[in-house]
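*Asks:* Keeping the supplied structure of chain G fixed, place chain X upon it in accordance with the hints.
Number of protein chains: 2
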Amino acid sequence: MKPVLARRMAQIEPFRVMDILARARHLEREGRDIVHMEIGEPDFTAPQPVVAAGVRALQGGRTHYTPATGLPELRQAIAAWYRETWGITVAPERIVVTPGASGALLLVLGVLLDPGQQVLVTDPGYPCNRHFVRLLEGEAVSLPVGPETGYQPTADMIEAHWGPRTRAVLLASPANPTGSLLDEHVLADILACVTRRGGLLVMDEIYQGLVYEGPARSALALTDRVFVLNSFSKYFGMTGWRLGWVVAPDEYVEALDRLAQNVFLAAPTPSQHAALAAFGREALAECERRREILRRRRDFLRPALQDLGFAIDAAPQGAFYLYADCSAFTSDSAAFCRTLLEEAGVAVTPGCDFGNHRARYHVRFAYTTSLERLEEGVRRLAVHLQR
Amino acid sequence: MKPVLARRMAQIEPFRVMDILARARHLEREGRDIVHMEIGEPDFTAPQPVVAAGVRALQGGRTHYTPATGLPELRQAIAAWYRETWGITVAPERIVVTPGASGALLLVLGVLLDPGQQVLVTDPGYPCNRHFVRLLEGEAVSLPVGPETGYQPTADMIEAHWGPRTRAVLLASPANPTGSLLDEHVLADILACVTRRGGLLVMDEIYQGLVYEGPARSALALTDRVFVLNSFSKYFGMTGWRLGWVVAPDEYVEALDRLAQNVFLAAPTPSQHAALAAFGREALAECERRREILRRRRDFLRPALQDLGFAIDAAPQGAFYLYADCSAFTSDSAAFCRTLLEEAGVAVTPGCDFGNHRARYHVRFAYTTSLERLEEGVRRLAVHLQR
Numbered sequence: 023m024k025p026v027l028a029r030r031m032a033q034i035e036p037f038r039v040m041d042i043l044a045r046a047r048h049l050e051r052e053g054r055d056i057v058h059m060e061i062g063e064p065d066f067t068a069p070q071p072v073v074a075a076g077v078r079a080l081q082g083g084r085t086h087y088t089p090a091t092g093l094p095e096l097r098q099a100i101a102a103w104y105r106e107t108w109g110i111t112v113a114p115e116r117i118v119v120t121p122g123a124s125g126a127l128l129l130v131l132g133v134l135l136d137p138g139q140q141v142l143v144t145d146p147g148y149p150c151n152r153h154f155v156r157l158l159e160g161e162a163v164s165l166p167v168g169p170e171t172g173y174q175p176t177a178d179m180i181e182a183h184w185g186p187r188t189r190a191v192l193l194a195s196p197a198n199p200t201g202s203l204l205d206e207h208v209l210a211d212i213l214a215c216v217t218r219r220g221g222l223l224v225m226d227e228i229y230q231g232l233v234y235e236g237p238a239r240s241a242l243a244l245t246d247r248v249f250v251l252n253s254f255s256k257y258f259g260m261t262g263w264r265l266g267w268v269v270a271p272d273e274y275v276e277a278l279d280r281l282a283q284n285v286f287l288a289a290p291t292p293s294q295h296a297a298l299a300a301f302g303r304e305a306l307a308e309c310e311r312r313r314e315i316l317r318r319r320r321d322f323l324r325p326a327l328q329d330l331g332f333a334i335d336a337a338p339q340g341a342f343y344l345y346a347d348c349s350a351f352t353s354d355s356a357a358f359c360r361t362l363l364e365e366a367g368v369a370v371t372p373g374c375d376f377g378n379h380r381a382r383y384h385v386r387f388a389y390t391t392s393l394e395r396l397e398e399g400v401r402r403l404a405v406h407l408q409r
Numbered sequence: 023m024k025p026v027l028a029r030r031m032a033q034i035e036p037f038r039v040m041d042i043l044a045r046a047r048h049l050e051r052e053g054r055d056i057v058h059m060e061i062g063e064p065d066f067t068a069p070q071p072v073v074a075a076g077v078r079a080l081q082g083g084r085t086h087y088t089p090a091t092g093l094p095e096l097r098q099a100i101a102a103w104y105r106e107t108w109g110i111t112v113a114p115e116r117i118v119v120t121p122g123a124s125g126a127l128l129l130v131l132g133v134l135l136d137p138g139q140q141v142l143v144t145d146p147g148y149p150c151n152r153h154f155v156r157l158l159e160g161e162a163v164s165l166p167v168g169p170e171t172g173y174q175p176t177a178d179m180i181e182a183h184w185g186p187r188t189r190a191v192l193l194a195s196p197a198n199p200t201g202s203l204l205d206e207h208v209l210a211d212i213l214a215c216v217t218r219r220g221g222l223l224v225m226d227e228i229y230q231g232l233v234y235e236g237p238a239r240s241a242l243a244l245t246d247r248v249f250v251l252n253s254f255s256k257y258f259g260m261t262g263w264r265l266g267w268v269v270a271p272d273e274y275v276e277a278l279d280r281l282a283q284n285v286f287l288a289a290p291t292p293s294q295h296a297a298l299a300a301f302g303r304e305a306l307a308e309c310e311r312r313r314e315i316l317r318r319r320r321d322f323l324r325p326a327l328q329d330l331g332f333a334i335d336a337a338p339q340g341a342f343y344l345y346a347d348c349s350a351f352t353s354d355s356a357a358f359c360r361t362l363l364e365e366a367g368v369a370v371t372p373g374c375d376f377g378n379h380r381a382r383y384h385v386r387f388a389y390t391t392s393l394e395r396l397e398e399g400v401r402r403l404a405v406h407l408q409r
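Residue numbers (our numbering), protein chains in the order written: chain G, 23 to 409; chain X, 23 to 409.
It is worth saying that the hints were derived from the structure and are not from the lab. There may be inaccurate statements among the hints.
Note that identical chains are pooled: a pair holds if it fits in a single copy or bridges any two copies.
[Claimed, not checked] For lysine to aspartate or glutamate, the following DMTMM-like pairs were computed, each having C-alpha atoms within a straight-line distance of at most 20 Å: (1) Lys24 <-> Asp354; (2) Lys24 <-> Glu35; (3) Lys24 <-> Glu276.
Source: prediction; values computed, not measured.
With the rest of the complex left out, here is chain G (with noise of 0.2 Å):
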């Protein structure tokens, strides 16, 4: 029987990537090794610290639902962090607990955007922003980006896409795919172009921490007029523990916290009393040395792409990606990903889940396993490429 969809369906696709990986664990199954470079998660679990901060939650029966804005202690403890590690100041009433970064942008979304209302996003970006915008009957707008302004828009761009429906610019820094840092200046601009448009500005700051070179500092330290969007899962590797939150102008609290009793109740309770320990000076210098490793992994894997002919011009500064121009190998970067992965055992992810522009063109490289596994992957390309 064919199912009877909502018409936004059509538009809300599934990510290419979760082929790739079903057929990667059907070959492994089946005996073949397979370097995996496409799974957007670290390969790190939570620093010990928040795993026996969890533990003593579960074991002490602290599971029953917390505030839909998150245990107030969480809230501060983040604020803290904002101020001690970032020197910025955030009242902890301005953070709301949420299921993840994308239980952070639900909330956004829910609360400012009508239907018909569009958003800026940039092509290529994190799939799933637009298909939010698309649940809540709004329209997302691509913002196409290159290398030539870092993959991030500039106030100009922002300025040429704005029309009468536009309601919020979405940016991430650093980005996903692209690793890409937006800079402060460009920001400045661009926070100016939103204002004077009485729009709204909405900065994914996921990869917060996961930055490896430049200046890499929150919107936050530049404007409290902003809705910034942070997750546990990736500098404090805590991904299956679904926590985030979202930083608000004061005056959308209210709405945030009524959306949030309505459709999530609240954050999930261990994991928020888990969270807490990992703002601590032991959990925290185990981030740092996690950092490192990630780094010595891209500049590892950055220049030996490059070697094999692959294009990575912009910077990728932080998050865990390289964005990869392949069209020296190919103009159809799907079918090379199943290539890639059928014939040399090394799994990436095509540029198509990341949005149209020159898409085709591109695969993402996660640096999410270990450098020897990153090595043996480029010895396969090697020998794939130069066949």
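*Replies:* Same frame as chain G, but now just chain X:
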């Protein structure tokens, strides 16, 4: 500054009970003793084997993302529970594990509902249901129900409310705030009506297992053509773990998976591993012991409130709520609740949290606290009401 909110936020209301709860906590901090009969959350935590499995998952680093539809072994375990405990065959492939039943409802409505389409819901009913519909730009249409039909709609009522824009009916059994069950014959008639009309039936069964009299089967015993929402929160005492599921007709699973990938990534991983232990003999025996405790509380509270002058006419067969007619005391149940809290130290929830139909003549008592505390609450009510 005044926030500029999406139009939907004008109809997405906070729980009034949150004000009651906040005021109760305030009074407690001032040294007052409050009997909590407002909280819609069991006072139990998860059974010990569930906690132990959660601890093992954390310590074993099993905290990465799972597939968007959930751990395959958890989907299988849920299917086995339907088979062994309820005598119902459900293919694991039809089960999608979600972040709470809230997540399940968001997925189902997201996949089914176009803007402007209607969903029939009972009044009184769980307030978030209509807010989910509004979030997705649909329209919730109230079916006013009272004790004369056991607080459940009839097929005739659904027929009478069905219009050209009606897409689905969302019912709950056992229901919140009334504890009422939907009779199997009525359900069959409703299903026939919905099918004839080309619509869909969504059943909220999150209180499944918490039934104290009469046969209590899932709608899945009757048909595969239904979306059934369920949760580990209530019967299994896992509220803060945020874990639920939906059973869907075969052909809708792909779309649910696709939407889940985008809006949740997946349900919390530690909770999924822990829930695997919920279906073991020891955990189920513990859940049954708790059901007996809840039954004893209900069996005390209902006649005690009736003796005081509350009318509780339809049998509250399940969940952990009594929906009491307080018209002997007030025609403004919200004010009545405030007075009971301030003067008698008893917290209960006003009817307006559950809809409009005779809401100002009703309050909800939750028996989510010990028998001793319920007895104390009744003593205080007796003194207060007979003054």
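*Asks:* Return the numbers of the hints above that this structure violates; sort them in rising order.
*Replies:* The structure breaks only hint 1.
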